[in-house]
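Participant: Chain by chain, the residues run as shown.
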Amino acid sequence: MNKILEIENLSFSYDKLNVLENINLDILNDDFLAIIGPNGGGKSTLLKLMLGLLKTKNGKIKKYIKNELLAYVPQNTNLNTDFPITALEVVLMGHTPISKQFFGYSKDDISCAMGSLEKVSMQEFADSKIGDLSGGQRQRVFIARALCSNPEVMLLDEPTASIDVKGQKEIYELLKQLNEKIAIVVVSHDISVLLNYAKNVAHVNKNLVYHHLKSIEQNVDNENEHLCEVELLSALGKKQVCCNHTHK
Amino acid sequence: MLEALQYDFIQNALLAGILVSLAVGIIGSLVVVNKITFLAGGMAHSSYGGIGLAIFLGLPILFGATVFAVITAIIIATITLKNKGRIDSIIGIMWAFGMAIGIIFVDMTPGYNVDLMSYLFGSIIAVSHEDIIYLAILDVFIIGLVLFFYKQILAVSYDSEFASLRGINIKFFYTLILILAALCVVAAIKVVGLILVIALLTIPTYLAEMFVKKLSSMMILSSILATFFTLIGLMISYFYDISSGASIIIVGVFTLLLVKLLGKK
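Heads up: the protein sequence lines correspond to chains A and B, in order.
Under this note's numbering, the first residue of the first sequence carries the number 1, and numbering increases by one thereafter.
Under this note's numbering, the first residue of the second sequence carries the number 1, and numbering increases by one thereafter.
No lab work stands behind these hints: they were computed from the structure.
Quick list of the computed label-pair ranges, beta carbon to beta carbon:
| no. | chain 1 | residue 1 | chain 2 | residue 2 | range |
| --- | --- | --- | --- | --- | --- |
| 1 | A | Leu79 | B | Phe97 | 31 to 37 Å |
| 2 | A | Ile65 | B | Ile104 | 56 to 62 Å |
| 3 | A | Lys55 | B | Phe97 | 32 to 38 Å |
For every residue, glycine included, the Cβ atom is placed at its ideal position computed from N, Cα and C.
With the sequences and hints as input, model every part of the structure.
Facilitator: Structural data, given as structure tokens:
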């Protein structure tokens with residue numbers, strides 16, 4: 001287990017509003033980390049800082065891998081659905097380096113992109129317009145786009161926000177499968193589903209509280225595969241031994 | 001019909017129409033997918049400032065309009081990249097400011113006798129040989145840049161955040177898209193006039209969007225449709241002796257309505 005990313009004493013503010021305070025977090029190369037927390041708690045900000053979309057002001061983010069090996073699946077994939085672009089072209093966007101070929105794509109680019117689509121079982125939709133796909137299918141395409149750059153870690157922002165329950169499960173199954181090779185970091189609200197897949201949980205609300213899930217699972221009745229947030233939160237509360245979780 | 005083709009000015013008009021249609025098909029697609037139609041309209045109108053300035057200084061008018069529109073594009077790009085929330089107000093200001101400058105310079109020009117209406121509504125019949133050469137150079141420039149940077153332009157237009165993560169300079173390409181739009185708007189002024197430019201940028205593209213899955217096909221189909229509208233519009237304008245710009249737009253809108261109605265079945 002090697003660290004691929006290390007966050008030390010990170011704080012961040014928009015103008016004068018403190019969003020993150022004194023965050024410490026390690027991401028390991030086989031991690032499946034769920035970042036949870038209330039709206040406006042700073043989850044997406046933390047993700048953007050990790051990606052370098054926002055610049056760190058206080059604290060450090062040490063990356064032990066190249067920035068190109070961090071892949072990103074953005075939050076709102078329902079944006080721009082009327083854009084004339086095929087699923088394959090979206091995936092090609094993730095291919096690095098951008099090929100220098102004059103107009104069009106090389107065979108290598110296309111076979112790499114098709115490979116990524118196959119990994120998410122979307123190869124038959126390669127020539128479909130992105131707007132004609134369902135929310136879940138589109139999310140798979142965006143995951144394929146992230147995969148096209150052969151990443152070591154994939155960061156996903158609310159990947160199941162606009163998908164039905166069945167689609168959500170499929171996405172998480174896919175992430176679990178990808179997790180055999182790469183690290184996964186998911187920002188999400190659907191704690192109940194996520195708990196079945198994540199290895200670690202970081203609760204972000206200005207401050208960060210870290211939980212190893214293995215130690216929590218034992219305390220939660222998880223028989224019907226659905227876990228409500230209240231049960232989870234109470235379980236997290238019970239396991240205060242694993243961290244310095246204090247309520248103000 | 002055939003005897004009309006013998007006239008030089010008709011040949012020039014047809015050639016100009018085709019050259020402009022190529023440009024509006026390609027750039028119109030970029031304008032529509034980037035949702036900057038209003039911005040293109042602002043640049044079209046503010047380029048009237050360049051026309052006024054060129055008349056005042058005795059410079060070639062298309063050249064004056066080009067320089068002015070490109071500068072406007074760079075200003076709008078710089079401001080909107082910093083403050084995207086107020087883009088509509090900024091465009092509105094540039095829109096009015098450019099036209100005001102144009103009017104003042106035309107007022108100050110002694111013995112002014114250029115037909116203002118021909119720039120507002122187009123005068124494709126009055127296209128000169130130099131205009132054709134200028135349009136051809138503009139076309140080569142626009143098509144060359146779009147071909148060369150197609151992947152980057154596609155990435156920035158579709159998902160600029162992701163594009164920036166892939167190391168694409170989104171500020172540069174956003175500015176480039178605006179400059180290309182400015183150049184295209186200037187080219188189209190001669191054919192349909194600056195007031196009707198927006199229609200020629202959007203109608204063929206809007207129609208094409210219904211049939212395509214890719215941006216590249218959208219560009220090609222839009223260019224073909226724009227050429228069709230321009231040529232039919234010119235024919236109507238010649239036979240019925242009405243304004244060419246307005247005829248072209250009317251042909252476009254009627255085709256659009258027809259396709260929409262038939263498509264609904």
